[in-house]
Structure formats: structure tokens, C-alpha cells
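*Asks:* Residue-level listing of the chains:
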Amino acid sequence: MKNLLITFGLMAGICPLSLAQGSLDSELRLNGKKTLEVFSAQKETIQNSSAVIYRGYKRVAYGVVMSKNGYILTKASELEDQPATTSEKAKRPAVKEVLPLSIRIGEDKVYKDIKVVKIDVTWDLALLKVDAEDLSPVDFIDSSELSQGTIVISNGATSRSERRVKVGVISANPREIQGPAPVVIGVMLDEKKAGLFIQSTTKDGAADEAGLLAGDQILRADMKTISNRDELIEVLMSKQPGDELKVVYVRKGEEVKCSLKLMARPTASRSRRMSRNDFMSGRFSRRRDSFPRVMQVDIPIDDKSCGGPLINLSGECLGLMIARANRAETFVIPAKELQKVYAGILSQEAQTDGNKSE
Amino acid sequence: MMKRQHSWPLAVVILGFFLGATQVQSRPYFNDQAVPNKLEDVTAIELALKSHLERTREATVCITNGAGFGSGVIVSKDGLVMTAAHVTAGVNKKFTVIMEDGTEHEARSLGLDSSTDAALLQIIDVENLPFVEVEDNPESEITTKLGDWVYSIGHSGGFDKSRGSVVRLGRIVRLNNDASTFQSDCTLIGGDSGGPLFNMEGILVGIHSRVGKVVDQNMHVASYDFFKKDSAGLKKWDQMLDSEFMGNSRFAKRPRQGSGFMGIAVEETSEGLRVTDLDEAALAAKEGVEIGDLLLSINGDKYNKRAELASFMKKKAEGEKVTLKLVRAEETLEFTFRLEKR
Chain W
0 MKNLLITFGL MAGICPLSLA QGSLDSELRL NGKKTLEVFS AQKETIQNSS AVIYRGYKRV
60 AYGVVMSKNG YILTKASELE DQPATTSEKA KRPAVKEVLP LSIRIGEDKV YKDIKVVKID
120 VTWDLALLKV DAEDLSPVDF IDSSELSQGT IVISNGATSR SERRVKVGVI SANPREIQGP
180 APVVIGVMLD EKKAGLFIQS TTKDGAADEA GLLAGDQILR ADMKTISNRD ELIEVLMSKQ
240 PGDELKVVYV RKGEEVKCSL KLMARPTASR SRRMSRNDFM SGRFSRRRDS FPRVMQVDIP
300 IDDKSCGGPL INLSGECLGL MIARANRAET FVIPAKELQK VYAGILSQEA QTDGNKSE
Chain L
0 MMKRQHSWPL AVVILGFFLG ATQVQSRPYF NDQAVPNKLE DVTAIELALK SHLERTREAT
60 VCITNGAGFG SGVIVSKDGL VMTAAHVTAG VNKKFTVIME DGTEHEARSL GLDSSTDAAL
120 LQIIDVENLP FVEVEDNPES EITTKLGDWV YSIGHSGGFD KSRGSVVRLG RIVRLNNDAS
180 TFQSDCTLIG GDSGGPLFNM EGILVGIHSR VGKVVDQNMH VASYDFFKKD SAGLKKWDQM
240 LDSEFMGNSR FAKRPRQGSG FMGIAVEETS EGLRVTDLDE AALAAKEGVE IGDLLLSING
300 DKYNKRAELA SFMKKKAEGE KVTLKLVRAE ETLEFTFRLE KR
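As they're listed, the protein sequences go chains W and L. Each residue of the first sequence is one higher than the one before, starting from 0 at the first, in numbering that gives the first Met the number 0. Each residue of the second sequence is one higher than the one before, starting from 0 at the first, in numbering that gives the first Met the number 0.
Read the hints as simulated data drawn from the structure, not as lab findings. Glycine is no exception: its CB is placed at the ideal position from the N, C-alpha and C atoms. Check the hints yourself; a few may be wrong.
[As the list claims (entries may be wrong)] Stretch by stretch, here's where chain W covers chain L in the computed footprint (C-beta under 8 Å, at least three residues):
1) 63 to 72
2) 123 to 132
3) 154 to 166
4) 209 to 217
5) 268 to 280
Construct all of the structure, not just a fragment, from the sequences and the given hints.
*Replies:* Structural data, given as C-alpha cells:
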């Protein structure tokens, strides 16, 4: 016992002095291996209540286990078939195969039969379903009042059987992240003093299919009078792909009514122009804007580590890691909004199932 | 006998430990742990950060000249701001300072040290601003140590009112030999430059300087560096307050020689150079130089020919200090001011 005291005394007195210069071992840094050992209980939660989603052999995202019977929420745009990089193209020139999705949960549960129940483009969420009975869903807690500086945990790296964690803090105010509407009508617009005109239409786009032509003036969208681009975008912001948009347009002095079937904005068409900050941000999410509300954390993840749960030190789920925005900023859909989307999809599904069985 | 042998070294060690403990009295205990051992240690770090966050965030500002964005921290109630040299990039330049709530103030850059990336900025004509105190510690009392827990604040990527400034947690991961700069694993990005790094006692320990190649290594200039003395014994802080451009390194480019402007015209007379005309908008006129004044010396040197004065001005850059000695009605007058931009 006395020897122990001596050792402790020496360490407390001398250790900081001997460390006065040089470099802190990477294992002792905020997200170092040794630092993360203290989060063993949180790691357990991440191990059991997060899913690892693969396309082929590659991990593309994590997921949040929502129910015992296998509902999983994840980031939708990371499930899309990714465009091959140039080097990959060179390796596999002609083969264009879409590899199947698979999911791992816990140490050894593997699911190959995955149903994509619903994609919500507003939040970039996908609800998946696997055939399971005894999963450990996350426990949600209202995260809207959490103060900045609160320590939070998410998925870190993973092996086939073992999840690891990463740590950070809530780092900015919750807010809306603006961006382009999640749906498109397939036109180039021309804003004039006289109103909003179509400059050109995209072949096989929603407007083209509905018979709109270059030169037509858009007068109303869903009953709302349109005089500029922003007013049209505002109508589109609340729409999902497949929704109808009622349009009144003017051609050769006559008002014509038509109905457009909206399409999803392709993730690849989002602006790829890299800012200086993007260049120093490593791999960030392709979709990192147009979210109605997010929390912000400083956990350094990459684009393929989104979709999993964010938890507090008690293991309660605060939200879903929806985007790596840049080197300093990671976005999270708050628990409240996430539960709302989930409940909405489930009730829609129940309705559809009911209609089918009638 | 055995007992006695045992108790001596223990007594020494306990004494040593006690001294060590008093020396580091105000240091939070978790700074001296290799890593947090229990969740209570993590919570202690969280609580420390939260207890200082509001006050320190209020003093953190965004700095812009319209083209680019940086950050800074107010250190006096009348608006002295500490920031990075590569944010102001020069002396006596105009900036807008944006407070956390979106309020904008006019500001001008004071001096800088382009070799360590330290700079000061002054918000103009505003009183009672929120600020943090900065400590002028001699080198013997530098308290920042490797492994200390710290947090960074900054306007990452520029000002965003709905987001506010961004806070990040980390540790000191590298100390450099002269204690002027160090690194942390607080994730930084463009726009954070010039923003503050605080320790868990809420004390300003550094200013963000450079984003590292890897995410867990980012450079800060130590608060201590702002108060260092040069070989002549002059304090960097005082020289910066006096709008001095120090160093000649990558963080800020010195104005080129010949860019300085005095705003006086002279003619050669038998007594020496006499002022024949003044640019009314330039500093010489504003400081009180008048037409007819006889130029006795500049910075202590006598000039008799216009060509000599011209070659002197060719070597002078904007921002450099000049002292003119003049004779007016048998009275000797002295004016000291900084050259403006030609």
C-alpha cells in the first residue's frame, strides 16, 4: 500500500514536468484509443443499437436500430449506387453491377435480405427493415434543450464483430441548413421583370413529360402565385419525389393547367465545386445541406460513418448522424424530429397495408 | 529499525508531492491524468467547459474585411482584440468586427508579429464590450502543459448567425521549444484563424493560427507570445499597441519599400530644406506641419538636398514611424507619426 502511495506521489509531482515538451501520444488524444477506453458502457450501446450497412464488402453507412423487429433508420444518399472513381473504372472497365446491401448488428447478426421501406428526401433518411425479433432499439431522449459543451458519443471505426466509438461535444446552435429543394421539375428558369419563364426543359424531366416548353411563363404552382424563382423553390421545399405539382402557365397569351410528377434531385447533381475549406475537409458527405433542423457536433467522422446514433453518457439516443459537413462540423437530426419521421412512415405503411388487404 | 528505514523516503516523497500539489493548486486534476479513468472525470471536464463557455463565447468575434473571414477575441472593455497576423495581414487596415449576436463594429488593425502569427486589432469608439482577461505571465510561469484539456471557439467558415460560433474540445498535443506556439487536437478550419483557445479554468491560452494537415493537429500562437520581450527588452504587446509591424515571415507580408507617403513638398534653401506645400489630407498637415517650416532633421539625420530626401523616402514603407524636427519662428518643433500609403 505504501509503495502504491509512493508511486502515485511521484507520478503526480513529476509526470507533468517531464511532459513539458514534445508530443502527446496519439492514444492519449481526444479520440485516441486509451482515452476512449473510459466509454465502455457507451460502446456497449453502440455495439447493440447501431447497424453497420455494407454494399458488397464496403461499409457505406451506420444505422440506428429503431425496433426489436428490425426497423433501421440510416442516411439515404449513402445507399445510392456510388459513381465509380477513375481508378476503379480502370480496374473494372466494363462491369457495371449494383452490389447487394447487407447489415451487421451486434457481434454476429448478419442480414442479407433488406427491404427499403421508404426514402424521405427532406431529411435524407432511409427506413430499412430486416427480419429480426430481438434487437435492442435505442432509447430516445429529447435533445432540443441540451447545452453546448455536452459530451456526446457516436460510431467510430468498426471491425466485423466489434463497434468502436468516437467522442466530441455539442458545438453550435441547432438550426435549419438551407440548400436546394430535394425535388426537381427539370427546367432552367429565366427570371424577368414580367415574371418567371422557362428557358429550357430537361429531356424526360417532370416539366418535359407534362408538355411544358421553353418560353412558357409559370403563373401558379399549387394555387400559389409565382413571380420569381424563390417563390417556386419555397413551394418545392416541402415536396417529396412522386408528389404532384399543379402548375398554371401562360403560352401565347393563354393560361394552361397541367400536373407535374416531381422527381428526386440526383445527389450527383449537387454542387461539386470545392471551396478552400472543402479541400482541407477530407471525405465529407455528398449531401450536407437542405435539412429542416440539425444539431451540430465536433466528432470527426467521414462520409461513410454517417447514419448511426448519437448518444449521451447515459447511453440515451440524441439523434442520427446525418452529415459530415466539413472538417469542423458534423450534423445530427435531433431525436424528436427523427421519431416524428419514423412514426410518419410507419403510419403511412400501415395505411397502405390496410388498403392492400381490403 | 526496519520501520525507520521505510519512513524516511516516504516522508520525502510526501513532502515532494505536497509541494507539487500547492504549485499546481488551481490546475484541474484531470489535466494530470494520462486519460480520464472514470466517467466522473469526463463529466468534470464537461462541467468545467460549460461553466466558462457563455462568458468566453460572448467575447469571441468574427473579423472581416468583406473579402475574407477570421476570428478574434476581445480582451478589454473598450475593444482591444487579439487575433492572428495572417487575419489582419497588415497595420492600420479597416475591418468589421461581428459580435455573436450579429452587431457590427468598425475596427482597425494595430501591430502584428508575422513570425509567430500574433496580432492586435482595435474596435473603434465602443465602450463596455464583453471581454476576457489575458494574463501577462513571465516565461517562468507558463502554465500550459502537454495533455491539458482545452476548448476552441471560432467562426468556422465565416459568420453564421443562426449557427453562432463553434466550440470544440481537445487537448494540447504538442509544445514547441520556445513556448510561443503549440498544437491542439481541437478541429479547426478556415475562418477559425485568430479565434481563442481556452483552458478548463476559462483562461485564454492561445490564438488559432493554422489548420493542420491531419485533423488532430492544429497550430496556435500562445497568449504568452504576445507579451514576450525582444532582445532590446521591448515588450511585443506594447509594440503591437504602437502599430509596429514585427518580423518578416509568411504570416503577413511587409509593405514594400517606397510605399510610404509623408505629404510634404520642399525646396532647397541656404538654411536647408523648407516646406513649400502640404497635402491637406495627409498626416503631416494633420499633425501640424506648416508651409514655411524649415526641416532640421528626419529620424535624427539632416537632409540638405531634395534628392537626399527622395532617396530616404524610397526606402520607407507605409506604417513606418518618422520623427520630423522643424524650425518655425525660431522655435524647434517635433512631430512623430507613421507614414501613410502612397
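*Asks:* Work down the list of hints and note, for each, if the structure agrees.
*Replies:* Hint check:
Requiring three or more residues with a Cβ within less than 8 Å of a Cβ of chain W, the coverage given for the segment 63 to 72 of chain L is violated, as only 0 such residues are present. With 0 residues bearing a CB less than 8 Å from a CB of chain W, the segment 123 to 132 of chain L misses the requirement of three and the coverage assertion fails. Under a criterion of three residues with beta carbons nearer than 8 Å to beta carbons of chain W, the stated coverage of the segment 154 to 166 of chain L is upheld, 8 such residues being counted. Counting residues of the segment 209 to 217 of chain L whose C-beta lies closer than 8 Å to any C-beta of chain W gives 3; at least three are required, and the coverage claim holds.
Residues of the segment 268 to 280 of chain L lying with their CB closer than 8 Å to a CB of chain W number 0, which falls below the three-residue condition for coverage.
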